[in-house]
Amino acid sequence: MDSQPVRKGIVLIAKNDKNEYLLLRHKKNNLWGFISGGLEEGETEAQAAIREANEEAGLNLTEEQLTDTREIITFVSSKGPGQQKAFTCTLNNVEINIDGEEISEYGWFDKETTLKNLEEKPPLVELFNKVVKE
Numbered sequence: 000m001d002s003q004p005v006r007k008g009i010v011l012i013a014k015n016d017k018n019e020y021l022l023l024r025h026k027k028n029n030l031w032g033f034i035s036g037g038l039e040e041g042e043t044e045a046q047a048a049i050r051e052a053n054e055e056a057g058l059n060l061t062e063e064q065l066t067d068t069r070e071i072i073t074f075v076s077s078k079g080p081g082q083q084k085a086f087t088c089t090l091n092n093v094e095i096n097i098d099g100e101e102i103s104e105y106g107w108f109d110k111e112t113t114l115k116n117l118e119e120k121p122p123l124v125e126l127f128n129k130v131v132k133e
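Here the sequence shown is numbered in numbering that gives the first Met the number 0, starting from 0 and rising by one per residue.
The hints are simulated quantities; they were obtained by calculation from the structure and are not laboratory data. The structure displayed is predicted, hence computed values, not measured ones. Be aware that one or more of the hints could be misleading.
Said to hold, decoys possible - Derived DSS-like pairs (lysine-lysine); straight-line CA-CA distance at most 27 Å:
(1) Lys17 <-> Lys7
(2) Lys132 <-> Lys27
(3) Lys110 <-> Lys120
(4) Lys78 <-> Lys132
(5) Lys129 <-> Lys14
(6) Lys26 <-> Lys7
(7) Lys7 <-> Lys27
(8) Lys115 <-> Lys27
(9) Lys17 <-> Lys78
(10) Lys110 <-> Lys129
(11) Lys26 <-> Lys78
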């Protein structure tokens, strides 16, 4: 039996100084999620997080702004099995410029609303509950 290769990627939980979390609504499924995406050839997870933050939300981050949570989520998507390494970052006074091809809208949400918006994505809810300590 052939097993599909595991697609490696990242997920980035960004929060601001008001303890609000950045969520993006993805056009392909109309679901909210964090900044996320797959690794490209020769790229580290931190580099992928920086690139995805720029591509999806127009953010210019540095590795120093990222915190490695040491958490990895596993899931199965339309592209097959996946694993995403999780990072967090704090953003203050940033302008979000979403990628209109992939993202339909964004919002900053408190912890309770973030969890409600993610309820259709259990791996993200589990991750959020592990790494967010308020």
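Against the structure, the hints come out as follows:
1. Lys17 <-> Lys7: Distance ~31 Å between Lys17 and Lys7 Cα, so the pair is violated.
2. Lys132 <-> Lys27: Violated: Lys132 and Lys27 sit about 31 Å apart, past 27 Å.
3. Lys110 <-> Lys120: The hint holds at about 15 Å.
4. Lys78 <-> Lys132: violated (32 Å)
5. Lys129 <-> Lys14: holds (15 Å)
6. Lys26 <-> Lys7: holds (21 Å)
7. Lys7 <-> Lys27: holds (20 Å)
8. Lys115 <-> Lys27: At roughly 20 Å apart (the allowed maximum being 27 Å), Lys27 and Lys115 satisfy the hint.
9. Lys17 <-> Lys78: violated (35 Å)
10. Lys110 <-> Lys129: Measuring from Cα to Cα gives roughly 13 Å; hence the hint holds.
11. Lys26 <-> Lys78: holds (16 Å)
Hint compliance for this structure: hints 1, 2, 4 and 9 are not met, and every other hint is.
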